[in-house]
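> If you want the building blocks of each chain, they are given just below.
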Amino acid sequence: MSHIVAIINQKGGTGKTTTTLNLGAALAYQGYRTLIVDLDPQGHTSIGIGIEPDVIAASMADILLVPKKRISEVAMPTYILGLDIAPAHIHLARAAEQVYTRVFREAILANALKDVDYDFVLIDCPPSLGVLTTNSLYACDFIVIPCQISRYSLDGLADLLTTVETVKNVSMEDLFQEDLFRILLTMFDKRNSITNEYILEQLKPYREKTFAALIMKNEALNQAQIAQKAIFDYEPRCSGSMDYSKLCLEFLEIWRKRNSLPAKRPSLQGCL
Amino acid sequence: MAKKKQFAGKKTKLARLPLTQALTSQAEAILSPPPRPSLSLFIPEPLTWDEVSSGRGGPLAVAFLFLVRELADLTLALQSSPGTVAANHRIHLPDRVPQPSGIMQALRQARQSLRDLQSLLLHS
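Protein sequences appear in the order of chains A and R. Residue 208 in numbering that gives the first Met the number 0 sits at position 209 of the first sequence, and the numbers go up by one each step. Residue 40 in numbering that gives the first Met the number 0 sits at position 41 of the second sequence, and the numbers go up by one each step.
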């Protein structure tokens, strides 16, 4: 059974795509077969891993539009061994509008993901709380919430938790107790001491649900997007690479505790 | 500092979330200091030994009582062992527990007595 993880925050620019791509790459380099589902019509995760939207034969738009279409029919390998992607195309935005009239529209992705053969499925969500994000929430069993150090990110986090409560049909307390989510602080700049202090204070009640790994602001992460590579392949020794390595290890540790995963597998490229 | 003052009273949506409020009060309950040990040792009216035995009076008084009882038992054992000349080594407890300063003085004396005993044993 695949473990399905949604990377969500309806606020834009919080690091969802960067996190999906680099966490996916890190998991693959750790030896876990991983699928990235690009559910953002902008298709940035697909582009970021070297898949040009204009050349793909099938995309997540087909999953939404064609009943009973399987993810395996649109998934394609990336340049990283063990990392596949179900790419997105701008058509996905139109497809999302068209499914509004369909019954059980929230379960389309969950159904398409049935029987996929991966260790992990990471879903990169669009910056909205529409039908695509609802599909991700319905399908996933764990949520990673990238959160920038800003006031609006905190507001977004509150809205998201309320939505999760509704879609997952669990109380806020259960959401907390059942270990369903983790907050990931991204683009952290230690020079912004006043903002950092305020935001961290606000997040204090969620310390237990916040990754210890912190993604520092790092220009190499932007440059890797241009190079269409995971950060480990673009600049393995930069802080972004280190931060995402730490995140991967912490993520796996949480996962082992939750699901009794086997011990760490040997790294394929030894970059972690 | 002036910048931070402008944050006062500004609540985020997250802070208003019922889950956040529940977690905050939970954390406050955990972090709030446990009930302080009885300060009765420091109040003018001294405690009885029974009150100290039942846990009132704090750790200092309990330690003192323990020490005195151990010494009393030791004295009794020495006096009752065969061949021992009965000596008048009875320990007289005061009627009431002394004030903390008195207890500290007694403990210091006990420590000094143990040092003297150790020195005596080494040279005997």
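Please note that a few of the clues may not be correct.
[Unchecked claim] With a cut-off of at most 25 Å between alpha-carbon atoms, the simulated SDA-like pairs for lysine to any residue come out as follows:
hint, chain 1, residue 1, chain 2, residue 2
1, R, K4, A, K208
2, A, K167, A, F210
3, A, K216, A, R150
4, A, K68, A, A106
5, R, K10, A, A106
6, A, K208, R, Q20
7, R, K12, A, I193
8, R, K4, A, S192
[As the list claims (entries may be wrong)] Restraint ranges, calculated between C-beta atoms of paired labels, are given here:
hint, chain 1, residue 1, chain 2, residue 2, range
9, A, T161, R, G8, 49 to 59 Å
10, A, M75, R, A1, 29 to 39 Å
11, R, Q20, A, V102, 50 to 60 Å
12, A, R257, R, E27, 23 to 33 Å
13, R, K9, A, R255, 31 to 41 Å
Rather than coming from a laboratory, the hints here were simulated on the basis of the structure. Glycine included, each C-beta is placed from N, C-alpha and C at the ideal position.
> Determine for every hint whether it applies to the structure shown.
Status of each hint after checking the structure:
1. Taking the CA atoms of R/K4 and A/K208, the gap is near 29 Å; set against the 25 Å cutoff, the hint is violated.
2. At roughly 22 Å between alpha-carbon atoms, A/K167 and A/F210 fall within 25 Å of each other, so this suggested pair holds.
3. Proximity of A/K216 to A/R150 is assessed by CA-CA distance (about 17 Å); at most 25 Å being required, the pair is judged to hold.
4. Distance hint between A/K68 and A/A106 is fulfilled; the C-alpha atoms sit about 13 Å from each other, no more than 25 Å.
5. In summary, the hint linking R/K10 to A/A106 is not supported, as the alpha carbons are separated by about 36 Å, beyond the 25 Å threshold.
6. Among the hinted pairs, A/K208 with R/Q20 is consistent with the structure: their alpha-carbon atoms are about 15 Å apart, no more than 25 Å.
7. Between R/K12 and A/I193 the CA atoms are separated by roughly 19 Å; this keeps the pair inside 25 Å, and the hint holds.
8. The straight-line distance between the Cα atoms of R/K4 and A/S192 is roughly 15 Å, inside the 25 Å bound, and the hint therefore holds.
9. Restraint check, A/T161 to R/G8: a C-beta distance of roughly 23 Å breaks the suggested window 49 to 59 Å.
10. At roughly 55 Å, the beta-carbon separation of A/M75 and R/A1 lies outside the given 29 to 39 Å, and the hint is violated.
11. Hint check: R/Q20 to A/V102, Cβ distance near 37 Å, so the stated range 50 to 60 Å is violated.
12. Evaluation of the 23 to 33 Å hint for A/R257 and R/E27 yields a pass: the beta carbon distance comes to about 28 Å.
13. A beta carbon spacing of about 40 Å between R/K9 and A/R255 agrees with the range 31 to 41 Å that was offered as a hint.
Hint check: violations occur at hints 1, 5, 9, 10, 11; the rest are consistent with the structure.
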